[in-house]
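Heads up: the protein sequence lines correspond to chains A and B, in order. Mapping the first sequence onto my numbering, position 102 (from 1) lands on 102, and the numbers just tick up by one. Mapping the second sequence onto my numbering, position 74 (from 1) lands on 74, and the numbers just tick up by one.
Since the hints were made in silico from the structure, they are not lab data. We put the beta carbon where it would ideally sit given N, CA and C, even for glycine. Check the hints yourself; a few may be wrong.
Sample of chain B residues facing chain A (criterion: CB under 8 Å; computed from the structure) [what the hints assert, rightly or not]:
no.	residue
1	Ile76
2	Lys106
3	Pro107
4	Glu109
Computed list of lysine-lysine pairs in PhoX-like fashion (alpha-carbon distance at most 25 Å, straight line) [stated by the list, open to error]:
no.	chain 1	residue 1	chain 2	residue 2
5	B	Lys102	A	Lys14
6	B	Lys102	A	Lys102
7	B	Lys106	A	Lys14
8	B	Lys106	B	Lys14
9	A	Lys106	B	Lys72
10	B	Lys55	A	Lys39
11	A	Lys102	B	Lys106
12	A	Lys39	A	Lys72
13	B	Lys14	A	Lys14
14	B	Lys14	B	Lys55
15	A	Lys14	A	Lys72
16	A	Lys14	A	Lys102
17	A	Lys102	B	Lys14
18	A	Lys72	A	Lys55
19	B	Lys55	A	Lys106
20	A	Lys106	B	Lys39
21	B	Lys72	B	Lys55
22	A	Lys55	B	Lys55
23	B	Lys102	A	Lys106
Listing some non-contacts, in silico: residues in chain B with all C-beta distances to chain A over 12 Å [unchecked claim]:
no.	residue
24	Gln54
25	Ser73
26	Ala96
Number of protein chains: 2
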Amino acid sequence: MATNLYDYAYELEKALRESDEYVQLRGLYDQVNADESAKRIFENFRDIQMNLQQKQMTGQEITQEEVEQAQKSAAIVQQHELISQLMQAEQRMSMAIGELNKIIMKPLEELYGSLGE
Amino acid sequence: MATNLYDYAYELEKALRESDEYVQLRGLYDQVNADESAKRIFENFRDIQMNLQQKQMTGQEITQEEVEQAQKSAAIVQQHELISQLMQAEQRMSMAIGELNKIIMKPLEELYGSLGE
Ligand SMILES: [Ca+2]
Ligand SMILES: [Ca+2]
């Protein structure tokens, strides 16, 4: 082959970096990072979510207090305009990444699907 | 933007499909699929591996008999020239995919790394 597989990956990486989804997400991240209060609220929410996820994955018990703490931090985040925007932008980016992966992984999916036919 | 993010993903998908790694892997899959004996050995090995993985992930006990069965099927597979080639090709493909993902996900990694600085 004349061109390298990785060249196409670098092209996609560049396109991702310049995409509306990424530019918006980056802008919102910068705004949250520049706002001490928003940053603290967002990081607190993230820490609580990650802690709960880890407990769920490892089968640890989640206390009533932790559930209430998570609900409280989610309510604060939902009422915060900037953080809400950031989380919506994260979701759009995540959906785009999912679509990209689906496209790129199609050849392998076809291959593994062909076994056992 | 003039061009769509997904166009770049389709370009990469096409390049992946035409890559040495994929063409070799596909060829070996076809050979294994066309060889009843090889296909049975390979599928048996896969089933045993997946069963063990699932048990490990869900924390179920793995019996001594299952360990021995897995070792036996791994030994058979290692001595099978065609299946060994297929598994090496799978590993090369998997490494290439890992590299591609690292390249494509760089912008997001940078973003998430910037939080909390
Ligand atoms: Ca766009
Ligand atoms: Ca090549």
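Hint check:
1. Ile76: Since chain A brings no Cβ nearer than about 18 Å to Ile76(B), farther than 8 Å, the hint is violated.
2. Lys106: holds (6 Å)
3. Pro107: The hint holds - Pro107(B) has a Cβ within 8 Å of chain A, the shortest such distance being about 5 Å.
4. Glu109: violated (11 Å)
5. Lys102(B) with Lys14(A): At roughly 13 Å apart (the allowed maximum being 25 Å), Lys14(A) and Lys102(B) satisfy the hint.
6. Lys102(B) with Lys102(A): Within the cut-off at roughly 16 Å; holds.
7. Lys106(B) with Lys14(A): holds (10 Å)
8. Lys106(B) with Lys14(B): Distance ~21 Å between Lys106(B) and Lys14(B) Cα, so the pair holds.
9. Lys106(A) with Lys72(B): violated (33 Å)
10. Lys55(B) with Lys39(A): violated (40 Å)
11. Lys102(A) with Lys106(B): holds (18 Å)
12. Lys39(A) with Lys72(A): Measuring from Cα to Cα gives roughly 17 Å; hence the hint holds.
13. Lys14(B) with Lys14(A): holds (18 Å)
14. Lys14(B) with Lys55(B): At roughly 37 Å apart (the allowed maximum being 25 Å), Lys55(B) and Lys14(B) break the hint.
15. Lys14(A) with Lys72(A): At roughly 39 Å apart (the allowed maximum being 25 Å), Lys72(A) and Lys14(A) break the hint.
16. Lys14(A) with Lys102(A): holds (19 Å)
17. Lys102(A) with Lys14(B): Answer holds: Lys102(A) to Lys14(B) is near 13 Å, not above 25 Å.
18. Lys72(A) with Lys55(A): At roughly 18 Å apart (the allowed maximum being 25 Å), Lys55(A) and Lys72(A) satisfy the hint.
19. Lys55(B) with Lys106(A): Violated, at roughly 28 Å.
20. Lys106(A) with Lys39(B): Holds, at roughly 23 Å.
21. Lys72(B) with Lys55(B): Given pair Lys72(B), Lys55(B) holds - Cα atoms ~18 Å apart, limit 25 Å.
22. Lys55(A) with Lys55(B): holds (19 Å)
23. Lys102(B) with Lys106(A): holds (18 Å)
24. Gln54: holds (15 Å)
25. Ser73: holds (16 Å)
26. Ala96: violated (7 Å)
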